[in-house]
Amino acid sequence: MNPKYPGLSVRVADEGFDAYVWGNDFSFEVGVYGTPELGKPVDQWAVEQVLPYRKCYGIDPEEFASYRNASDSAVFMAYLDDRPVGHIVVSTNWNGYAHVDELAVVLPARRHGVAKALLDVAQFWSRKKNLPGMMLETQNNNLGACRLYERSGYVMGGIDHLRYRGIDPQTREVAIFWYRLFH
1 MNPKYPGLSV RVADEGFDAY VWGNDFSFEV GVYGTPELGK PVDQWAVEQV LPYRKCYGID
61 PEEFASYRNA SDSAVFMAYL DDRPVGHIVV STNWNGYAHV DELAVVLPAR RHGVAKALLD
121 VAQFWSRKKN LPGMMLETQN NNLGACRLYE RSGYVMGGID HLRYRGIDPQ TREVAIFWYR
181 LFH
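First residue of the sequence shown? That's 1 in my numbering, and the numbers climb one at a time after it.
Because the hints were derived from the structure by calculation, they are not lab data. What you are looking at is a predicted structure, and each value in this text was computed from that prediction instead of being measured. Heads up, a few of these hints could be off.
To be verified - Ranges between beta-carbon positions, derived for each pair:
no., residue 1, residue 2, range
1, ARG83, SER152, 21 to 29 Å
2, ARG172, ARG147, 35 to 43 Å
3, LEU51, ASP120, 33 to 41 Å
4, HIS183, GLY16, 21 to 29 Å
5, VAL47, GLY16, 35 to 43 Å
6, GLY153, ASN95, 12 to 20 Å
7, GLY157, ARG127, 14 to 22 Å
8, SER9, GLU37, 34 to 42 Å
9, SER152, GLY16, 21 to 29 Å
10, ARG110, VAL50, 14 to 22 Å
11, SER152, ASN130, 28 to 36 Å
12, GLY158, SER66, 36 to 44 Å
What the hints assert, rightly or not - As a list, the in silico SDA-like pairs of lysine to any residue whose alpha-carbon atoms are at most 20 Å apart:
no., residue 1, residue 2
13, LYS116, ARG11
14, LYS116, ALA70
15, LYS116, ALA46
16, LYS40, ASN142
17, LYS40, LEU143
C-beta: ideal position from N, C-alpha, C; glycine also.
Required output: the full structure, derived from the provided sequences and hints.
In structure tokens:
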């Protein structure tokens, strides 16, 4: 139980996962692009204001169907007062780290400790498997997520300016790789 949000709980995803994903909006508003710098806190990055727009990743529950009930991966759902409000998908990556394949929280539940609770459960899962740490990727247009990872003990391990250019050659979206090391 989260003392700040007593109605918050996290459980292994159940048969309601698909309906929860299809029935919710996980988009977020982008208003700035940050310029990530290794070794520099997120709040010290230069930012460029952009005309605000909604970003949506198009989450597909079928993509992670095989992750449920598997030995090297898991899907967890967060609930606020028994309403599903977020999820995290974690797997064992080829390099031995736990990989957060997806983390999403519905808009009305943001800023209620949901993402942090999901990261904590994924960390517990990772430590139970004796993995050396966790890794994940986000982008420079999601500074809220970057701040969350930084506050949660993650450090930036890499920046990739070309990752999304195959989708859009003109994009200013930059991939940022975050690591939470246990040892």
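Cross-check of the supplied hints:
1. ARG83 / SER152: 21 to 29 Å: For ARG83 and SER152 the Cβ distance comes to about 24 Å; the hint holds.
2. ARG172 / ARG147: 35 to 43 Å: 19 Å, violated
3. LEU51 / ASP120: 33 to 41 Å: Holds - the Cβ-Cβ distance for LEU51 and ASP120, about 36 Å, lies within 33 to 41 Å.
4. HIS183 / GLY16: 21 to 29 Å: 36 Å Cβ-Cβ, so the 21 to 29 Å window is violated.
5. VAL47 / GLY16: 35 to 43 Å: 38 Å, holds
6. GLY153 / ASN95: 12 to 20 Å: Given range 12 to 20 Å: holds, Cβ gap about 19 Å.
7. GLY157 / ARG127: 14 to 22 Å: 19 Å, holds
8. SER9 / GLU37: 34 to 42 Å: 37 Å, holds
9. SER152 / GLY16: 21 to 29 Å: The hinted range 21 to 29 Å holds for SER152 and GLY16, with Cβ atoms some 27 Å apart.
10. ARG110 / VAL50: 14 to 22 Å: For VAL50 against ARG110, whose Cβ atoms are near 20 Å apart, the range 14 to 22 Å holds.
11. SER152 / ASN130: 28 to 36 Å: Check failed, 20 Å falls outside 28 to 36 Å.
12. GLY158 / SER66: 36 to 44 Å: Since GLY158 and SER66 have Cβ atoms about 27 Å apart, the given range 36 to 44 Å is violated.
13. LYS116 / ARG11: 14 Å, holds
14. LYS116 / ALA70: 23 Å, violated
15. LYS116 / ALA46: Violated - the C-alpha atoms of ALA46 and LYS116 are around 25 Å apart, more than 20 Å.
16. LYS40 / ASN142: 16 Å, holds
17. LYS40 / LEU143: 14 Å, holds
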